[in-house]
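Trainee: What follows is the residue order along each chain.
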Amino acid sequence: MIVVEGLVKKFGGNTVLDDVSEHVRSGEKVAVIGPSGSGKSTFLRCLNLLERPDGGKILFEGEDITDPKCDADAVRRRMGMVFQHFNLFNNLTVLKNITLAPARLKIMTETEAEESARALLARIGLPEKADAYPSMLSGGQKQRVAIVRALAMSPRVMLFDEPTSALDPEMVGEVLDVVREVAEGGMTMVVVTHEMGFAREVASRVVFVDGGKIKETGTPDEIFGAPRDPRLREFLSKVI
Amino acid sequence: MTEALDWLARQFTITFITGNRYKLFLTGLRNTLIIAFGAVVIGTFIGAVVAMIRVHSAQSGKLRALDRLCGAYLAVFRGTPIVVQLLIMYYIVFAFIDNGISIAVLAFGINSGAYVAEIVRAGILAVDIGQTEAGRSLGLSSGQTMRLVVLPQAIKNILPALGNELIALLKDTSVAGYVTVKDLAQAGENVRTLTAEPYFSLIFVAAVYFLLVMGITKALRAVERRLARSDRR
Numbered sequence: 001m002i003v004v005e006g007l008v009k010k011f012g013g014n015t016v017l018d019d020v021s022e023h024v025r026s027g028e029k030v031a032v033i034g035p036s037g038s039g040k041s042t043f044l045r046c047l048n049l050l051e052r053p054d055g056g057k058i059l060f061e062g063e064d065i066t067d068p069k070c071d072a073d074a075v076r077r078r079m080g081m082v083f084q085h086f087n088l089f090n091n092l093t094v095l096k097n098i099t100l101a102p103a104r105l106k107i108m109t110e111t112e113a114e115e116s117a118r119a120l121l122a123r124i125g126l127p128e129k130a131d132a133y134p135s136m137l138s139g140g141q142k143q144r145v146a147i148v149r150a151l152a153m154s155p156r157v158m159l160f161d162e163p164t165s166a167l168d169p170e171m172v173g174e175v176l177d178v179v180r181e182v183a184e185g186g187m188t189m190v191v192v193t194h195e196m197g198f199a200r201e202v203a204s205r206v207v208f209v210d211g212g213k214i215k216e217t218g219t220p221d222e223i224f225g226a227p228r229d230p231r232l233r234e235f236l237s238k239v240i
Numbered sequence: 001m002t003e004a005l006d007w008l009a010r011q012f013t014i015t016f017i018t019g020n021r022y023k024l025f026l027t028g029l030r031n032t033l034i035i036a037f038g039a040v041v042i043g044t045f046i047g048a049v050v051a052m053i054r055v056h057s058a059q060s061g062k063l064r065a066l067d068r069l070c071g072a073y074l075a076v077f078r079g080t081p082i083v084v085q086l087l088i089m090y091y092i093v094f095a096f097i098d099n100g101i102s103i104a105v106l107a108f109g110i111n112s113g114a115y116v117a118e119i120v121r122a123g124i125l126a127v128d129i130g131q132t133e134a135g136r137s138l139g140l141s142s143g144q145t146m147r148l149v150v151l152p153q154a155i156k157n158i159l160p161a162l163g164n165e166l167i168a169l170l171k172d173t174s175v176a177g178y179v180t181v182k183d184l185a186q187a188g189e190n191v192r193t194l195t196a197e198p199y200f201s202l203i204f205v206a207a208v209y210f211l212l213v214m215g216i217t218k219a220l221r222a223v224e225r226r227l228a229r230s231d232r233r
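First to last, the protein sequences are chains P and B.
Going by the working numbering, the first residue of the first sequence is number 1, and it counts up by one from there.
Going by the working numbering, the first residue of the second sequence is number 1, and it counts up by one from there.
Check the hints yourself; a few may be wrong.
Unchecked claim - Straight-line distance between alpha carbons at most 20 Å, and here's what the computed EDC-like set of lysine to aspartate or glutamate pairs gives:
(1) Lys-62(B) to Asp-221(P)
(2) Lys-62(B) to Glu-51(P)
(3) Lys-96(P) to Asp-128(B)
(4) Lys-96(P) to Glu-133(B)
(5) Lys-62(B) to Asp-54(P)
(6) Lys-62(B) to Asp-67(P)
To be verified - Listed below are several chain B residues computed to face chain P (Cβ distance under 8 Å; list not exhaustive):
(7) Leu-29
(8) Gly-130
(9) Arg-136
(10) Ser-137
(11) Gly-139
(12) Leu-140
(13) Ser-141
(14) Gln-144
(15) Met-146
(16) Pro-152
(17) Asn-157
(18) Pro-160
(19) Asn-190
(20) Leu-194
(21) Glu-197
Simulated from the structure, these hints should not be mistaken for lab results.
Keep in mind that this is a model prediction, so the values were computed, not measured.
The beta-carbon is built from N, C-alpha and C at its ideal position, and this holds for glycine as well.
Okay, chain P solo, but in the shape it has when bound (with noise of 0.2 Å):
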């Protein structure tokens, strides 16, 4: 579904991304783990071109998205994101943060997209929250909230990136049940993460990314069980 070939980005002399090649298929649960300033991160964002690359190519569903011709926002449209700060538009109530994207792009009608909101925040525990503006909701409720409405342009993929790093440890286990469920449901997803526990228990790949280049990538009984890659073994044995 996504090929990554070569990819190389800099920021100013600085190489974050040094010749990265990744395939995700269809259906994969891809977790990417590291120390940070590895990289992990900006590989995530060039992904749906938040960064443009230097170098290399990028397929999305056999179209090269780094082609200059590529229209950015369409492919964007096929690639929900979530952040580590939510990013939830603070000028919007919650249900108008949700339909935003799917009315104006006119992928659904101003009403098809409430009720699918209101679904939505249905399946999160949150529909009373429907008028409530962003400030008034908790650090887990606006990740909740902003998972769902990358889902509501009903993406072909999801790019997680570091979705519980920013909240307080009792609110990790409400959004990572949210990013669970995603995955249950058959969504192909990149997920960014510190969550080591998580990512055992969810990815179906664990990729370790060290220094702008992928170290070692294999199942999570692979990565966490037999390490081969001397960083790779430094690194787990430092977060677990």
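Following the hints, position chain B against chain P.
Mentor: What follows is chain B alone, placed relative to chain P:
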């Protein structure tokens, strides 16, 4: 006591009644309001456009030439006094037009636009970049994201500074007399000369400006309160 009252009555009469001088003040007030209002409309429009060009250029690296042009505009109009700009507009740029009010509207509008541009630009930059990224990640265009998400939040940030600019602009128009415009300040000066008495005419004019500014301040407060709805917890 009666002497004082007599003096007041006489001053009032020669300032407002004799020769229907109150009409001079009314015309002056009208002209001041026309210039201020026209200049606000022009200034806000120019300011918003210039700010969006500069922000867009800084974020995307496009529109470089236009960005430099905007930078030059800001430098020139913030770097020279408004009275000099007004005189240049009247005697050089629009020397062929003999309509002080129109030229004053343009001059004050273009001058104000330079200040508004920086206010709006700061307001846009103060909105977390994550708001833009979220909008773009959903497939909204940069224009849609700006219009539906960023600008509504930026307006809330910039309202106090914009109010300041509005007040400054209203009072700046009091130099319109330099290009033969009979604005409120000029009316006061005119009546002062006619009556050979400075007290009533000048203090009255000052009081009218003061009341206008108070009115603007109150109105802006009300708007601010309305916009603060999404901040309530």
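Trainee: All the hints need checking, so say for each whether the structure fits it.
Mentor: Structure-based check of each hint:
As the CA atoms of Lys-62(B) and Asp-221(P) are separated by approximately 48 Å, the hinted pair breaks the 20 Å bound. Between Lys-62(B) and Glu-51(P) the CA atoms are separated by roughly 16 Å; this keeps the pair inside 20 Å, and the hint holds. A C-alpha spacing of about 19 Å is found between Lys-96(P) and Asp-128(B), which places the hinted pair at or below 20 Å, so the restraint holds. Our distance criterion of 20 Å between C-alpha atoms is met by Lys-96(P) and Glu-133(B), whose separation comes to about 17 Å.
Under the criterion of a C-alpha separation no larger than 20 Å, the hint pairing Lys-62(B) with Asp-54(P) is consistent with the structure, at around 17 Å. For the hint linking Lys-62(B) to Asp-67(P), the alpha-carbon distance of about 18 Å falls within 20 Å, and the restraint holds. A distance limit of 8 Å between C-beta atoms decides the matter here; for Leu-29(B) the minimum to chain P is near 37 Å, and the interface restraint is violated. Interface restraint check: Gly-130(B) against chain P, minimum CB-CB distance 4 Å, threshold 8 Å, status holds.
Look at Arg-136(B): its Cβ gets to within about 7 Å of chain P, closer than 8 Å, so that hint holds up. Restraint check, Ser-137(B) versus chain P: the minimum CB separation of about 4 Å is within 8 Å; hint holds. Checking Gly-139(B) against chain P: minimum C-beta separation of about 3 Å stays under 8 Å; hint holds. At about 6 Å, the closest approach between the beta carbon of Leu-140(B) and any beta carbon in chain P falls short of 8 Å, and the interface hint on this residue holds.
Nearest Cβ of chain P to the Cβ of Ser-141(B): about 6 Å, under the 8 Å cut. The hint holds. Checking Gln-144(B) against chain P by beta carbon gives a least distance of about 6 Å; that is within 8 Å, so the hint holds. About 12 Å separates the beta-carbon of Met-146(B) from the nearest beta-carbon of chain P, more than 8 Å, and the hint is not met. Hint status for Pro-152(B) relative to chain P: holds, with the closest Cβ pair at about 4 Å, below 8 Å.
Contact between Asn-157(B) and chain P, as hinted, is not supported at the beta carbon level, the nearest pair being about 11 Å apart and thus beyond 8 Å. Given hint, Pro-160(B) at the interface with chain P, is violated; its Cβ is 17 Å from that chain's nearest Cβ, farther than 8 Å. Hint on Asn-190(B) is violated. Least Cβ distance to chain P is approximately 48 Å, over the 8 Å limit. Look at Leu-194(B): its Cβ only gets to about 54 Å from chain P, farther than 8 Å, so that hint breaks.
Interface restraint check for Glu-197(B): the shortest CB-CB distance to chain P comes to about 54 Å, outside 8 Å, so the restraint is violated.
Checked against the numbered hints given earlier, this structure breaks hints 1, 7, 15, 17, 18, 19, 20, 21; the rest are met.
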